[in-house]
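S.K.: Protein sequence lines, in the order shown, are assigned to chains A and H. Using the numbering used here, the letters of the first sequence map in sequence onto residues 1 to 286. Using the numbering used here, the letters of the second sequence map in sequence onto residues 1 to 493.
Hints are computed from structural coordinates only; laboratory data are not their basis. Glycine included, each C-beta is placed from N, C-alpha and C at the ideal position. Just so you know, not all the hints are guaranteed correct.
Residues from chain A that keep clear of chain H, each with C-beta distances beyond 12 angstroms, as calculated [as the list claims (entries may be wrong)]: (1) Met-16; (2) Thr-148; (3) Leu-271.
Straight-line C-alpha distance at most 27 angstroms; calculated BS3-like pairs for lysine-lysine [unchecked claim]: (4) A/Lys-59 with H/Lys-493; (5) H/Lys-253 with A/Lys-199; (6) H/Lys-228 with A/Lys-157; (7) H/Lys-244 with A/Lys-222; (8) A/Lys-222 with H/Lys-228; (9) A/Lys-59 with H/Lys-253; (10) A/Lys-202 with H/Lys-240; (11) H/Lys-253 with A/Lys-222; (12) H/Lys-244 with A/Lys-272; (13) A/Lys-222 with H/Lys-181; (14) A/Lys-222 with H/Lys-13; (15) A/Lys-59 with H/Lys-444; (16) A/Lys-278 with H/Lys-444; (17) A/Lys-59 with H/Lys-228; (18) H/Lys-441 with A/Lys-222.
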Amino acid sequence: MNYRSLLFIPGNNPGMLQSSDILGADGIIIDLEDAVALTEKDAARILVREYLTTFEPRKGVFIRINPLDSPYFYDDLDVIKDLKITGIVLPKAGVEPMTKLEEYLDEHDLDLEVIPLVETAMGLETALEIVQVSDRIIGLFLGAEDLTLDLGAKRTKESKEIEYARSRIIAAAKAFGIQAFDTPFTDTDDIEGLRIDTKNAKDLGMTGKTAISPRHVDEINKAFSPTEEEIDYALRVVEGVKAANEKGLGAFSLDGKMIDAPIIKRALNLLKTSGDYKEEYDELLK
Amino acid sequence: MNYLNNIDVRTVKVLEQSEFPSKSQPKNKLIENAEELIRGLGLKDNAVVSFHHHLRNGDKVLNTIMKEIQRTGVKGLTLVASSLFPVHAEIIPLLQDGTIENIVTSYISGDLAKAISYGELKGNIIMQTHGGRARSILNGEIEIDVAFIASPSADKYGNISGVNGPNSCGTLGYVIADSIKAKTVVSVTDCLVDYPNYPADITEDYVDYVLLIDSIGRKEGIVSGTTKVTKDPIGLKIAKDTLKVMEATGLLKDGLSYQSGAGGISLAVTAFLRDYMIENNIKGSFASGGITGYLTNMLEEGLFSSLFDVQCFDLEAIESLKRNPNHIRMSASQYGNSEVSAVVDNLDIVILGATEIDTNFNVNVTTGADGVLMGGSGGHADTAAGSKVSIIVSKLFSSRIPLIKDRVDVITTPGTTVDVLVTERGICVNPLRTDLIEAFKKAKLDIIDIKDLKAYSESIMGKPEPIEKTDRIIGLSQYRDGRIIDYIYQVKK
Numbered sequence: 001m002n003y004r005s006l007l008f009i010p011g012n013n014p015g016m017l018q019s020s021d022i023l024g025a026d027g028i029i030i031d032l033e034d035a036v037a038l039t040e041k042d043a044a045r046i047l048v049r050e051y052l053t054t055f056e057p058r059k060g061v062f063i064r065i066n067p068l069d070s071p072y073f074y075d076d077l078d079v080i081k082d083l084k085i086t087g088i089v090l091p092k093a094g095v096e097p098m099t100k101l102e103e104y105l106d107e108h109d110l111d112l113e114v115i116p117l118v119e120t121a122m123g124l125e126t127a128l129e130i131v132q133v134s135d136r137i138i139g140l141f142l143g144a145e146d147l148t149l150d151l152g153a154k155r156t157k158e159s160k161e162i163e164y165a166r167s168r169i170i171a172a173a174k175a176f177g178i179q180a181f182d183t184p185f186t187d188t189d190d191i192e193g194l195r196i197d198t199k200n201a202k203d204l205g206m207t208g209k210t211a212i213s214p215r216h217v218d219e220i221n222k223a224f225s226p227t228e229e230e231i232d233y234a235l236r237v238v239e240g241v242k243a244a245n246e247k248g249l250g251a252f253s254l255d256g257k258m259i260d261a262p263i264i265k266r267a268l269n270l271l272k273t274s275g276d277y278k279e280e281y282d283e284l285l286k
Numbered sequence: 001m002n003y004l005n006n007i008d009v010r011t012v013k014v015l016e017q018s019e020f021p022s023k024s025q026p027k028n029k030l031i032e033n034a035e036e037l038i039r040g041l042g043l044k045d046n047a048v049v050s051f052h053h054h055l056r057n058g059d060k061v062l063n064t065i066m067k068e069i070q071r072t073g074v075k076g077l078t079l080v081a082s083s084l085f086p087v088h089a090e091i092i093p094l095l096q097d098g099t100i101e102n103i104v105t106s107y108i109s110g111d112l113a114k115a116i117s118y119g120e121l122k123g124n125i126i127m128q129t130h131g132g133r134a135r136s137i138l139n140g141e142i143e144i145d146v147a148f149i150a151s152p153s154a155d156k157y158g159n160i161s162g163v164n165g166p167n168s169c170g171t172l173g174y175v176i177a178d179s180i181k182a183k184t185v186v187s188v189t190d191c192l193v194d195y196p197n198y199p200a201d202i203t204e205d206y207v208d209y210v211l212l213i214d215s216i217g218r219k220e221g222i223v224s225g226t227t228k229v230t231k232d233p234i235g236l237k238i239a240k241d242t243l244k245v246m247e248a249t250g251l252l253k254d255g256l257s258y259q260s261g262a263g264g265i266s267l268a269v270t271a272f273l274r275d276y277m278i279e280n281n282i283k284g285s286f287a288s289g290g291i292t293g294y295l296t297n298m299l300e301e302g303l304f305s306s307l308f309d310v311q312c313f314d315l316e317a318i319e320s321l322k323r324n325p326n327h328i329r330m331s332a333s334q335y336g337n338s339e340v341s342a343v344v345d346n347l348d349i350v351i352l353g354a355t356e357i358d359t360n361f362n363v364n365v366t367t368g369a370d371g372v373l374m375g376g377s378g379g380h381a382d383t384a385a386g387s388k389v390s391i392i393v394s395k396l397f398s399s400r401i402p403l404i405k406d407r408v409d410v411i412t413t414p415g416t417t418v419d420v421l422v423t424e425r426g427i428c429v430n431p432l433r434t435d436l437i438e439a440f441k442k443a444k445l446d447i448i449d450i451k452d453l454k455a456y457s458e459s460i461m462g463k464p465e466p467i468e469k470t471d472r473i474i475g476l477s478q479y480r481d482g483r484i485i486d487y488i489y490q491v492k493k
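Bound conformation, chain A alone:
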């Protein structure tokens, strides 16, 4: 599934947890890390477990565990390993943390997706290697606040200081056909600022964006939703593929442009995002 929006839900906030399935986000990230004070870590684990075993689980539930260099990494994993969740967000991602996580998931035979959160200079520069550690990785997530701290860069609303980081994350993600999630926009009241920031990220190639405020979800979903023209084009690509397959043709052209596998894949991804995807399309690329 393509996630346009991933909304952070503090793991120690019962009200937000209880309502997390109705806030419009494609996926949620239940946070056991930064949103939870050191004195609340145990309580948050218990609460999250209670929530996920009491309520009917929704699709797209990720949990951000604490990082490998904290005392809570394995405690978090032990508590959530049998929960019905989609996956894990790994903070301070690097090759070693990702490897340790992969080992744990293998050892416990857990079918979970992973989103490495790249928020250190080392993580950024080794993003390509991180992705290659595990097939469980479905996307890379840029964490700009910690990253700019690590870089000694001044964090601004214009976000010029993270253009390189954005591009590098996008390139690493695209190289392996996974999603690229942008850093959250932290001014919860500035919806216009969010709009500009999201557009900038999307124009560079981000495929989704994280949010720390439910009020940002609609704007993000809108920004990452295909336009009607894009959907029309994707449907025409699909029709073209069907026709070419029937004629036994390997390739075909549309509007004077050769349509190859990446374009077809992009069209299919777009239709999945727009909700226009049909099961029969599964056969098109085989």
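Put chain H on the given structure of chain A with help from the hints.
M.R.: Just chain H, lined up with the frame of chain A:
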């Protein structure tokens, strides 16, 4: 009176020159001593005195006057106050010593409400609607002996204005009926201005006395600076879904008439409605009720052609009332009196809250989850009855207490006038409104049976324990037309 019928005009006595009148003089109405005034009024046991609530939780007039009346030793009074707030807890001793025996109001909260729920009022409390209060005063059902009108400004002849003075509160819509029908009308002010005081909400011809006191109120308790839309994501989701409901009714078109409360979710609905009206180039007819800055902005933007204002909720509303002729003062009778032509009868949509709603769509906004008085209809039942579509907006749980019950504690608004419930987990439509059910289906709006939504909420939160009450009835919930729709029981401490 058949003034001239059956009178032989030749027999009518004509004044002699010596009997001709002298020039008339202004009446001397000004009194600067509360004790002197109250003694002079000569109130008897079981008298009926009235007050308005435009000064809300900043009001000092009711406490000051009632304590002065207590000193005269009269007992068994009926207090007819349009609303009572936490600030009025000061009169609890007057319940205990029998000075006040009965209370008639449209809203009550705070410790006074608790005291009444725990049985400290000797007589009964009647919970009315705003329109019902005006109706019962104007048609003589309630006969007020003295109306004490807290006046943000007055001149010495009794022209009262709500928009002038340091404690300005805007319109005085709730007290118009009192000023017309009370046997004696007293303006109580801390701001005496030169004659004539204008624009006058109540004119001198209705006022018998002007009492000057040090202070009628505390400004910060009267109006808020600016009322704000909720930032709560659940509230915003409910508001967004409510806009979808409103759109599906087909009423969001030119000529729309609309009312909502000043609560966070209701304001959010209004904010979304504004965006929708701009986007779709809709010009509404009027908005009504308690008025906020949100609605005055919409008036300025041309989204509504007029506002009917019975009560100003914030400073922006007061400012607008002063300068915009399309911002119209409205009495509680014009607002919701069921015996006359009323604004509510021309409302398309009203957005209302609920403390509880039951599976018959009856709504309680009178008592809380503990059965203790904490509110009242205000205009709830009036607008639900008059509007084409009444929409209740509420969270499904409040502090882990489910909204939907088998039977609400006290019926404030009958379910027969409640059309739609919007919660964060589903939209319910009253089965009586088959037209709406059909329209919502066409609009592909998911609706859920209220019984199923109740079952869902109880599966998560459980079913609350019943409220412990005594057998003693302490009051009545009176519908806007004067009929009684429910009892109010004393709560066990």
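S.K.: Would you list, in rising numerical order, the hints stated earlier that this structure does not obey?
M.R.: The structure conflicts with hints 1, 4, 5, 9, 13, 14 and 17, although it agrees with all the remaining ones.
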